[in-house]
Amino acid sequence: MRPREKAETAETAESAEKTRCLAKVLCVLCVLCGCVWAAQPPGSPLKPKPPPPPSATEPAPAQAGPDFTAARDEAVKILQGLVRIDTSNPPGNETLAARYLKSFLDKAQIDSEILGLDETRGNLVARLKGSGEKKPILLMGHTDVVGVEREKWTVDPFAAEIKDGYVYGRGASDDKGMTSVAFQVFLMLAREKVTLDRDVIFLAEAGEEGSSSVGIQYMVEQQWDKIACEFALNEGGWMLQRDGEVQYVGVASTEKVPRGIRLVAKGTSGHGSMPRLDNAIVHLSAAVAKIGAWQPPMRLNETTHTFFKRLAKVSPPEEAALYDVLDDPSKNQAAQEIIRRTSIMYNSMLRTSLSPTIIKGGFRSNVIPADAEVTIDVRALPDEDMEKFVALLKKVIDDPAVDIVPPARSRVAPQPSRLDTAMFVALEHAQAAVFPTAVTLPVMLTGATDSAPLRAKGVHAYGLGSVVSEEDRARVHGNDERLSIEGIGKFVELMYRAVKDVAATPPQYLGLGCRNEH
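Taken in order, the sequence shown gives residues 322 to 839; the numbers are from this note's numbering.
Among the hints, erroneous ones may be present.
[To be verified] Under the rule of at most 30 Å between Cα atoms (straight-line distance), these lysine-lysine pairs were calculated in the BS3-like manner:
1. 428 / 514
2. 455 / 611
3. 473 / 423
4. 778 / 456
5. 716 / 587
6. 652 / 709
7. 681 / 652
8. 450 / 473
9. 821 / 709
10. 450 / 423
11. 428 / 473
12. 611 / 587
13. 456 / 587
14. 514 / 484
15. 611 / 514
16. 630 / 398
17. 715 / 681
18. 587 / 715
19. 473 / 587
20. 473 / 484
21. 547 / 716
Quick caveat, the hints were computed from the structure, so don't treat them as lab data.
All of these numbers come straight from a predicted model, not from anything done at the bench.
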């Protein structure tokens, strides 16, 4: 072979080798993107060729997304309709709310049913069927509300009046806002005919405000097959707005446990004109004063440790300094006292808490009673050993005239929902899309919700909530309860993104069997 021919042959071989290497690199890149393009020899009839790229002069059409403005407006109207149905518990009458929501499902030709122990206290259940490849997700909220003191409201608590960008009314926040948003997301998935890998279940439950036997207890014990799921989104979280910006999206992964106790003081009855040293009211009052001054020991768990560490990153420097030292026993005493004075919610998240709520004693102004008692609302850390806690409380009170009566029964303390599940990650992704400057914080809720019985069944339940300020939060169970219309819209978008992320079938690419997996 001539030198020139040898050179051309070598050049051709080198070029071919470069082409093969480039093909291998492209294949690896495609795998990393979640879409494998199998290399094939020219002319092979077995595998389709990759489609040509879009023309530079003809850009690919944009994908149409949901109209979140329209979704917000519809969710607000649904919420107004729910607020106008008086479901104060007692007596509840939640079936009226269930029928109202069912009318939307009937119009959309979505099967649903109302289930209940009592015909007036119904629970609405509906389901969008998926492929069954993954376990279902449950979207839920309760339709009963606490009562109102009408004379202390500046608006009609059941008129659902819109004022200054807010929907006012009993239940706007707790919990008809959550119920309306979950229902709106359910309707959006149905209307868009989203292909699902897992069933999406909607539950509007009764009896959350103190009568769970007709609500979650009934559904778990007698209708579990209707709501069995891997993940649940329920009330319990919030998106905290400060100075017009959402600072963080709080997702409740666990909650404190109600462990109400009573203090009972005994003495000798007698005439009010002759003071006695064993006056039961005096001894009880002293015990209550000691409890009010006492701070139970601070104890962080996985959820609260993560909460305060992440909160420090998005807080002003003086607040961040408090949160950063909480896990340092040599520095956290002063920080605890400041938090106690400035944030009663954060203080409660740090420890088992005690609040005297009901006091009884005496029957006539001139008779010293033989006994008196006070009810203490104890909200225990999930893993609190109550026997040891009661023994510690006795030492704090230090009065043999005062007995501590523990609760006859109390809720279970299930394991917290994990922070590494597909659902929690999806909520973080949704937060980043809707509120890019905020952060997602796992929350230990200081109150109680119906997520606890679900967690006891092994469900990863997460508490969500709309955009609220500290003032808005203070109105829950209080007067002039309200919810921001703009916040409702953001809540719809965040929940929609998260639910679709974990429930929708990942897209198939070009018939090649490629798919994005979490």
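Going down the list of hints, with the structure as the test:
{"no.": "1", "hint": "428 / 514", "verdict": "holds, 15 Å"}
{"no.": "2", "hint": "455 / 611", "verdict": "violated, 53 Å"}
{"no.": "3", "hint": "473 / 423", "verdict": "violated, 33 Å"}
{"no.": "4", "hint": "778 / 456", "verdict": "holds, 14 Å"}
{"no.": "5", "hint": "716 / 587", "verdict": "holds, 18 Å"}
{"no.": "6", "hint": "652 / 709", "verdict": "holds, 26 Å"}
{"no.": "7", "hint": "681 / 652", "verdict": "violated, 41 Å"}
{"no.": "8", "hint": "450 / 473", "verdict": "violated, 46 Å"}
{"no.": "9", "hint": "821 / 709", "verdict": "violated, 45 Å"}
{"no.": "10", "hint": "450 / 423", "verdict": "holds, 17 Å"}
{"no.": "11", "hint": "428 / 473", "verdict": "violated, 39 Å"}
{"no.": "12", "hint": "611 / 587", "verdict": "holds, 18 Å"}
{"no.": "13", "hint": "456 / 587", "verdict": "violated, 56 Å"}
{"no.": "14", "hint": "514 / 484", "verdict": "violated, 35 Å"}
{"no.": "15", "hint": "611 / 514", "verdict": "violated, 60 Å"}
{"no.": "16", "hint": "630 / 398", "verdict": "violated, 38 Å"}
{"no.": "17", "hint": "715 / 681", "verdict": "holds, 20 Å"}
{"no.": "18", "hint": "587 / 715", "verdict": "holds, 15 Å"}
{"no.": "19", "hint": "473 / 587", "verdict": "violated, 38 Å"}
{"no.": "20", "hint": "473 / 484", "verdict": "holds, 17 Å"}
{"no.": "21", "hint": "547 / 716", "verdict": "violated, 48 Å"}
Of the numbered hints stated above, those contradicted by the structure are hints 2, 3, 7, 8, 9, 11, 13, 14, 15, 16, 19, 21, listed in ascending order.
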